[in-house]
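J.: Under the working numbering, residues 4 to 424 are what the sequence shown spells out, in order.
Read the hints as simulated data drawn from the structure, not as lab findings.
Treat the numbers as computed from the prediction; the structure is a model and nothing was measured.
Be aware that a few hints might be false.
Below 30 Å or equal to it, Euclidean Cα-Cα: the simulated DSSO-like pairs (lysine-lysine) are [stated by the list, open to error]:
| no. | residue 1 | residue 2 |
| --- | --- | --- |
| 1 | Lys88 | Lys162 |
| 2 | Lys87 | Lys230 |
| 3 | Lys314 | Lys286 |
| 4 | Lys87 | Lys41 |
| 5 | Lys180 | Lys230 |
| 6 | Lys412 | Lys314 |
| 7 | Lys318 | Lys412 |
| 8 | Lys261 | Lys230 |
| 9 | Lys129 | Lys230 |
| 10 | Lys129 | Lys162 |
| 11 | Lys230 | Lys162 |
| 12 | Lys162 | Lys180 |
| 13 | Lys88 | Lys129 |
| 14 | Lys129 | Lys41 |
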Amino acid sequence: MQSSDLVSSFAEIAREKGIDRDTLQLIVEDVFRAMINKRYGSDDSFEIILNPDHGDMQVLHIREVVEDWDVFDPVTQIEFTAAKKIDEDFDLEDEVAEEINIQDFGRRAVMTAMQNFRQRIRDIEKENVYQAYSELVGEIVVGEVYQMRRREVLVIHNKVELVLPRVEQIYRDRYRKGDMIRAVIKEVIRDAAGSPQVIISRAAPVFMERLFELEVPEIDEGIVEIKRIVREPGDRAKVAVVSYDERIDPVGACVGMKGSRIHAVVRELGNENIDVVQWTDDKHDLIKRALSPASPVQVQLNDDLEPPRAKVVVKADEVSQAIGRGGINIRLASALAGYEIDIYREIAEDEEDIEIQEFSDEIDPETLQRLRDIGCDTARAVLELSREELMRRANLDEEVAGHIIGIIKAEFDEAETEADG
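Take these sequences, add in the hints, and give me the full structure.
T.: Here it is in structure tokens:
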């Protein structure tokens with residue numbers, strides 16, 4: 004293969020991969036210097052002249068002319084007689100620049116050069132992908148699903164493979180090859196071989212934030228700011244927003260006319276329920292708003308604990324709302340406010356009740372804590388729940404739930420009997 008043919012092949016590969024001219028020139032020179040090093044042990048006495056635009060290249064071997072019997076290093080020196088054969092005008096101590104034909108290196112060396120060139124191109128492609136997508140972390144991309152695996156979905160974006168792991172998916176989503184999906188770039192990492200892996204997510208809070216930016220001009224313009232988002236992807240989310248213009252209601256701006264703006268976000272997220280609340284630096288008010296749709300009547304903070312805790316009292320008929328199905332509302336409210344929230348039922352002044360702790364001789368400590376965790380801090384709060392509801396919310400088996408209800412009812416029956424007597 005002629006040097007011009009080899010350089011032309013290199014240039015064509017570089018054009019296909021989008022490699023610029025200067026980078027191509029550096030790579031080609033490095034590849035040929037590696038060939039020279041392997042054959043001669045050094046490339047110090049060689050000069051490479053390259054014009055990748057026209058496919059022209061010269062490899063010149065530069066040596067000093069010395070007496071015929073004074074050659075100590077044939078790589079850097081040439082005998083006077085040999086120099087004269089090249090040009091009669093050469094004299095001692097002159098420099099002889101002799102062009103080397105690529106074919107002289109042999110077919111194997113040329114093939115090795117081609118492999119090295121391709122590897123260098125791949126390395127540059129990997130670095131370009133890493134740099135380009137690292138700058139896009141936190142931004143939304145639209146890609147095409149091309150392969151579904153057990154633990155991940157592979158998506159193509161601008162000919163680059165993106166990975167959507169199972170933990171970053173909305174569990175209700177179902178994907179088919181060819182589907183177009185939106186996701187946010189979560190991170191770019193390198194695998195064991197140094198290849199970049201672009202991780203995308205539909206479950207990250209920042210994905211919801213970017214969707215709101217697309218749907219709500221006030222957020223995009225900086226008039227309304229999203230202070231915090233907490234999610235249980237596919238089920239429910241809470242978004243705290245603040246307005247820097249007193250004329251604009253931040254919650255109304257996010258919801259839109261007849262819910263048009265928030266519905267667009269909800270549809271993209273598989274009908275995930277979204278509560279939008281107004282942010283405040285007052286922790287008492289923030290906790291009250293975070294527990295929506297419940298309306299707490301009292302909030303007591305304890306910042307001395309780690310994490311800090313909040314005792315929240317709600318009306319008896321709002322305990323279930325405050326806690327939410329499976330405890331989701333209280334979990335999200337705790338995450339939004341930055342406090343571990345304990346829900347307590349409001350007790351009427353004329354109502355007789357018993358602290359659940361009074362049953363510690365008949366109910367084990369772990370079960371008592373489970374009851375308190377779901378807001379059942381008194382005996383009547385437990386009796387307001389059916390056996391099935393108590394089992395589901397406190398994660399109790401049927402026998403334990405029945406035992407708890409039985410001993411509490413027996414306590415009240417005994418008290419009523421004593422009162423009647």
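J.: It remains to establish, for every hint, whether it holds in the given structure.
T.: Hint check:
no., hint, in the structure
1, Lys88 <-> Lys162, "violated, 56 Å"
2, Lys87 <-> Lys230, "violated, 82 Å"
3, Lys314 <-> Lys286, "holds, 12 Å"
4, Lys87 <-> Lys41, "holds, 28 Å"
5, Lys180 <-> Lys230, "violated, 36 Å"
6, Lys412 <-> Lys314, "holds, 27 Å"
7, Lys318 <-> Lys412, "holds, 22 Å"
8, Lys261 <-> Lys230, "holds, 24 Å"
9, Lys129 <-> Lys230, "violated, 36 Å"
10, Lys129 <-> Lys162, "holds, 12 Å"
11, Lys230 <-> Lys162, "violated, 35 Å"
12, Lys162 <-> Lys180, "holds, 16 Å"
13, Lys88 <-> Lys129, "violated, 49 Å"
14, Lys129 <-> Lys41, "holds, 27 Å"
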